[in-house]
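Protein chains: 2
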Amino acid sequence: MSKNKLRIIPLGGLGEVGKNMMVYEYGNNILVVDAGLMFPDNEMLGIDYIIPDFEYLKERKDQVRGIVITHGHMDHVGALGHVLEELNVPLYATPLTKGLIEVSLSEKGLLDKTTIKTVHAGESVKIGPFEVEFFHVCHSIPDSVGLGITCPDGLVVHTGDYKFDSTPVDGWPTDFSKLAEFAGRGVLALLADSTNADKPGWTPSEMVINDSLDKVFRSAPGRIIVASFASLVSRMQQVIDTADRYGRKVAFVGYSMKQNSKMAKKLGYLDFPSDIEVGIDEALNMKPKDVVLMATGSQGEPYSVMGRLARGTNKKFELIKDDTIVLSSHAIPGNEESVFKTINSLFRRGANVVYEPLAGGVHVSGHANQDEMKLMLNMVSPKYLIPIHGELRHLKQHAILAEETGFPADNVLVIENGHVIEFEDGELVIKDRIPGSYVFVDGSRVGEIGPSVVKEREQLSQDGVVLISLVLDSKGKLHEEPEIISRGFVFKHGEDDVIEETRQKVMEIVEKSPGDLHSQVVQSVRSFLYSKTKKRPVVLMAMSWI
Amino acid sequence: MSKNKLRIIPLGGLGEVGKNMMVYEYGNNILVVDAGLMFPDNEMLGIDYIIPDFEYLKERKDQVRGIVITHGHMDHVGALGHVLEELNVPLYATPLTKGLIEVSLSEKGLLDKTTIKTVHAGESVKIGPFEVEFFHVCHSIPDSVGLGITCPDGLVVHTGDYKFDSTPVDGWPTDFSKLAEFAGRGVLALLADSTNADKPGWTPSEMVINDSLDKVFRSAPGRIIVASFASLVSRMQQVIDTADRYGRKVAFVGYSMKQNSKMAKKLGYLDFPSDIEVGIDEALNMKPKDVVLMATGSQGEPYSVMGRLARGTNKKFELIKDDTIVLSSHAIPGNEESVFKTINSLFRRGANVVYEPLAGGVHVSGHANQDEMKLMLNMVSPKYLIPIHGELRHLKQHAILAEETGFPADNVLVIENGHVIEFEDGELVIKDRIPGSYVFVDGSRVGEIGPSVVKEREQLSQDGVVLISLVLDSKGKLHEEPEIISRGFVFKHGEDDVIEETRQKVMEIVEKSPGDLHSQVVQSVRSFLYSKTKKRPVVLMAMSWI
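Just so you know, the protein sequences line up as chains A and B, in that order. The numbering of the first sequence is this note's numbering, which starts it at 1 and goes up by one. The numbering of the second sequence is this note's numbering, which starts it at 1 and goes up by one.
Check the hints yourself; a few may be wrong.
To be verified - Mimicking DSS-like on lysine-lysine, the simulated pairs with C-alpha atoms at most 30 angstroms apart in a straight line are:
#1 258/B x 535/A
#2 475/A x 477/B
#3 341/A x 534/B
#4 532/B x 113/A
#5 534/B x 316/A
#6 316/B x 535/A
#7 316/B x 455/A
#8 215/B x 199/A
#9 341/A x 289/A
#10 535/A x 455/B
#11 455/A x 535/B
#12 374/B x 341/A
#13 113/B x 534/A
#14 58/A x 5/A
#15 61/A x 532/B
#16 431/B x 341/A
#17 199/A x 249/A
#18 321/A x 374/B
#19 535/A x 315/B
#20 534/A x 258/B
#21 455/A x 61/B
Stated by the list, open to error - Over the 10 angstroms line for every Cβ pair with chain B, so calculated as not near, a few chain A residues:
#22 55
#23 102
#24 210
#25 434
#26 508
I should point out that these hints are in silico values taken from the structure, not numbers from a laboratory. Note that beta-carbon positions come from the ideal geometry of N, C-alpha and C, so glycine has one too.
Please work from the sequences and hints to get the whole structure.
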């Protein structure tokens with residue numbers, strides 16, 4: 001039998017932003033880190049979200065010893081429901097992360113079947129042959145951790161999402177001393193967050209939000225409505241603290257905002273006297289000047305509270321005079337348009353809207369910028385650097401930063417999902433790439449929808465569809481005039497020349513009775529429509545014989 | 001007869017970014033400023049571009065005295081082809097703007113029919129009852145102007161796109177003294193650019209690009225390929241100057257890049273010794289280290305030089321080892337995804353890519369930031385301020401900035417397209433809004449495609465289409481099994497359960513022979529498919545009787 005070797009296989013998050021999933025393998029033992037989802041880009045039409053292709057794990061069910069979760073954001077936990085349907089393995093997470101996962105799994109009815117083990121930052125756990133040390137990192141959600149993963153081949157440091165915030169809202173900075181300790185022991189490889197690799201300098205501290213919120217609260221003439229992510233517990237704390245200072249009460253609006261704030265308070269991640277929080281009904285009966293509402297919808301999601309307020313379709317309450325809305329979040333890439341449309345609609349309904357880049361920081365990034373990434377590399381001083389979490393441009397840029405610090409270029413590995421890395425006597429070797437692809441989740445269908453279906457949707461979305469229905473008699477003559485239906489192609493007005501001309505065209509072709517009638521008609525109609533309209537609708541034909 | 005009054009009617013650019021068009025009306029005389037296009041957002045599926053709805057002008061053809069163009073960008077000139085097909089009126093433009101319009105109109109075969117009068121910044125022209133004074137402004141294209149428009153009701157200042165750049169590449173700053181002179185005469189209304197109203201401080205000077213380019217040129221090991229807009233003449237000059245400093249030759253690649261550089265050099269807007277420019281063939285035969293290629297495609301357009309290089313489909317040349325690509329432009333809002341995909345693909349093919357926000361500025365905005373907007377307002381000190389050019393959030397923010405300078409809030413008018421403004425004895429009155437909408441240009445069809453067709457495309461793009469074709473005999477029984485075709489809905493593999501089950505479902509319904517067979521089948525199939533897949537494809541049915 002060959003000697004056991006440490007292998008690292010990225011199943012998600014390398015070459016893309018989102019759906020993070022990393023596999024650590026030693027002999028017949030697999031440790032999984034994170035299981036996240038990714039939101040579709042504008043070209044993935046109709047897709048709800050994307051999860052990692054974890055076929056590799058399904059084929060090795062018996063070898064998976066556990067899944068470690070670094071923090072509770074959807075790009076790290078959002079695929080857990082799908083993964084747990086296939087793999088019955090324990091999860092390891094810190095208390096708040098565990099709480100957020102439980103809220104989400106209970107909605108899916110999966111909670112009873114799942115074992116989630118609580119680990120605190122600073123503790124370590126033995127998972128198969130892996131000794132996993134959890135160390136605290138700052139991020140835009142409390143209780144985030146990075147991991148030190150030790151197996152007989154050495155120590156690998158996996159940062160997860162992190163930033164070096166010296167004044168975090170919860171007073172708990174990234175665990176510098178642990179990083180230094182790792183360095184003392186000798187680190188084989190560092191797998192480090194690359195999300196902000198093209199952003200210079202340092203990410204501002206969460207603390208800068210306080211000043212911006214204070215400025216808004218100081219002058220807001222009426223109600224204040226803060227929109228943020230339901231998982232952004234530190235932002236909740238900041239809003240509550242500011243509200244308290246100005247004598248306002250806070251109401252959480254929307255299911256996930258309410259559930260998460262309740263859970264976070266219970267676990268001690270939110271700290272406030274109970275009388276500051278009021279229910280939404282009570283809040284709506286108070287003077288506007290005494291109230292803050294905190295809701296979801298900072299990404300312009302149409303069915304969120306903020307989306308409904310923008311369209312005037314929120315049932316519980318509407319915008320009123322002198323409302324001030326604070327969008328305390330950064331638009332997720334690809335979402336800019338819908339966020340800005342929501343902002344414009346809120347303005348149109350008379351609200352004042354405070355958003356990035358206004359007001360000098362109503363949101364800050366949760367990820368390390370360039371100088372922090374260099375610091376991480378210098379502190380950990382690993383033998384190898386493997387940039388993770390980011391599009392290829394971010395990973396490449398991370399490599400360039402490393403070289404700027406004097407790190408040997410040959411020891412930086414820029415790889416994308418599926419590339420297998422193996423360590424042989426402390427030397428890193430790149431092996432074959434395992435197959436893998438996007439798994440689209442579309443309605444109730446997981447993985448059934450592939451790129452070819454999305455491609456068809458794209459064709460349909462560009463120029464619409466034209467349907468031709470023919471009924472032919474036994475002599476191959478038309479039993480009646482062809483029926484022609486279109487969608488997304490032309491107006492449906494009484495006499496549409498193009499459709500009528502197409503019908504004549506089809507009749508001419510059938511008259512000639514060419515060899516392959518179906519392809520002749522479809523091709524002729526396609527080129528006819530292109531010559532008339534310079535557009536290429538999808539042309540479909542149904543043909544019956546009587 | 002009622003007294004003549006100055007009326008201002010925005011037909012484009014207010015409440016949106018792009019397709020700028022402003023109407024100034026006095027009695028029976030209309031002056032049009034700019035005629036631009038707008039690029040579709042991600043929800044306007046299949047649309048090529050959008051032009052202003054200029055029905056108002058078509059109905060008053062005889063009253064239009066001329067169209068004044070502030071500068072040669074597509075969002076100010078891109079609808080001219082369509083407008084000139086309807087209105088036979090003279091254009092007024094500065095020499096470079098005229099040159100760019102001529103290149104574009106000659107491609108459309110419209111140049112012979114059009115009169116373009118050359119006006120230099122600093123001159124004034126009488127157009128009907130309007131005295132139009134052209135004054136120089138800095139922008140990301142040379143020879144841009146703002147306008148002082150005087151009629152018997154007073155003087156209106158229309159900034160066009162502008163920034164206050166103290167060190168512009170062409171050495172020609174915005175005409176402060178003219179603005180001061182206007183203020184001295186007394187300005188009834190200022191219509192000012194709001195594009196960057198949410199950006200604090202000052203826009204950096206174009207000059208900062210020089211340092212960034214120098215840094216790239218200093219260390220690039222091989223060829224340099226600079227991608228930018230074909231209209232960005234000042235960037236061409238900067239690239240040429242830097243190339244010259246490092247002993248490199250420059251080749252312009254692509255039709256519009258070549259035409260515009262040639263025209264700009266002829267008119268004196270590009271200044272360089274002829275031996276610096278080489279043809280592309282010559283460039284490809286030189287040592288990589290001696291060459292700079294300048295091409296289009298900075299927005300990730302698939303058929304641009306850069307888009308083809310990213311896909312490996314460029315015919316003339318391919319990427320080679322040590323190529324450095326500089327994307328010297330900012331992604332147009334909504335284009336971020338395609339720009340970043342292009343960047344990732346270029347990296348994947350081995351090039352080094354320098355892009356925003358890297359390298360400390362390979363592009364700067366051409367629009368004034370907040371402090372410049374305040375300066376403009378203070379210098380011109382108009383009676384009324386009308387923010388133009390921007391989404392509602394930008395216009396609102398412009399109003400807030402004005403109030404911060406002490407400008408009376410009641411004298412700022414935040415309005416969107418179609419709102420008619422009238423001046424009565426120096427007082428501004430808002431009149432009724434005229435009807436108007438987006439005019440979609442889609443292939444060869446202008447205005448034929450409306451929101452309802454785009455809505456259909458959206459439905460098709462989300463879940464695809466399912467087509468049912470029935471042939472019934474005289475007794476209302478099926479002549480044969482229904483044909484079912486789908487696109488963008490499911491995989492096309494041999495035995496597809498959903499499609500087969502749908503066929504059975506349709507046969508059951510026809511068996512029962514309900515009243516309205518068509519709507520019964522369509523509705524049942526819709527709810528059946530939703531229950532099976534949680535998706536709502538467009539369901540269409542063709543029915544024939546024999």
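Each hint tested on the structure:
A threshold of 30 angstroms between alpha carbons decides the hint, and for residue 258/B with residue 535/A the separation of about 29 angstroms falls inside it, so the pair holds. Pair hint residue 475/A plus residue 477/B holds up; C-alpha atoms about 23 angstroms apart against a cutoff of 30 angstroms. Restraint check for residue 341/A and residue 534/B: satisfied, since their Cα atoms lie roughly 27 angstroms apart, inside the 30 angstroms limit. Distance check on the hinted pair: residue 532/B and residue 113/A sit about 25 angstroms apart at the alpha-carbon level, within 30 angstroms; holds.
About 27 angstroms separates the Cα atoms of residue 534/B and residue 316/A, which keeps this hinted pair within 30 angstroms; it holds. A hinted pair counts as satisfied when its Cα atoms are at most 30 angstroms apart, and residue 316/B with residue 535/A qualifies at roughly 28 angstroms. Of the pairs offered as hints, the one joining residue 316/B and residue 455/A holds, with about 29 angstroms between alpha carbons and a cut-off of 30 angstroms not exceeded. Between residue 215/B and residue 199/A the alpha-carbon distance is near 18 angstroms, which keeps this suggested pair within the 30 angstroms criterion.
Proposed proximity of residue 341/A and residue 289/A is supported: the alpha carbons are some 27 angstroms apart, at most 30 angstroms. Only pairs whose Cα atoms come within 30 angstroms are accepted, and residue 535/A paired with residue 455/B is accepted, the gap being roughly 17 angstroms. Of the pairs offered as hints, the one joining residue 455/A and residue 535/B holds, with about 17 angstroms between alpha carbons and a cut-off of 30 angstroms not exceeded. Simply put, residue 374/B and residue 341/A have alpha-carbon atoms about 26 angstroms apart, close enough for the 30 angstroms limit, and the pair holds.
With a C-alpha separation of about 25 angstroms, the suggested pair residue 113/B and residue 534/A falls inside the 30 angstroms cut-off, and the hint holds. At roughly 21 angstroms between alpha-carbon atoms, residue 58/A and residue 5/A fall within 30 angstroms of each other, so this suggested pair holds. For the suggested pair residue 61/A and residue 532/B, the alpha carbons sit about 29 angstroms apart, so the restraint of at most 30 angstroms is met. The straight-line distance between the Cα atoms of residue 431/B and residue 341/A is roughly 26 angstroms, inside the 30 angstroms bound, and the hint therefore holds.
Restraint check for residue 199/A and residue 249/A: the C-alpha separation of about 37 angstroms exceeds 30 angstroms, so the hint is violated. At roughly 27 angstroms between alpha-carbon atoms, residue 321/A and residue 374/B fall within 30 angstroms of each other, so this suggested pair holds. Between residue 535/A and residue 315/B the CA atoms are separated by roughly 26 angstroms; this keeps the pair inside 30 angstroms, and the hint holds. Our distance criterion of 30 angstroms between C-alpha atoms is met by residue 534/A and residue 258/B, whose separation comes to about 27 angstroms.
At most 30 angstroms may separate the alpha-carbon atoms for a hinted pair to count; residue 455/A and residue 61/B exceed this at roughly 45 angstroms. Against chain B, the non-interface label of residue 55/A holds: every CB pair exceeds 10 angstroms, the least being about 17 angstroms. The claim that residue 102/A lies off the interface holds: its Cβ sits roughly 25 angstroms from the closest Cβ of chain B, which is beyond the 10 angstroms cut-off. Distance check for residue 210/A against chain B: the nearest CB is about 19 angstroms away, which clears 10 angstroms, and the non-interface claim stands.
Residue placement check: residue 434/A keeps its beta carbon more than 10 angstroms from all beta carbons of chain B (closest about 18 angstroms). With a cut of 10 angstroms on Cβ distances, residue 508/A stays outside the contact zone with chain B, its closest approach being about 20 angstroms.
In summary, the numbered hints that this structure violates are 17 and 21.
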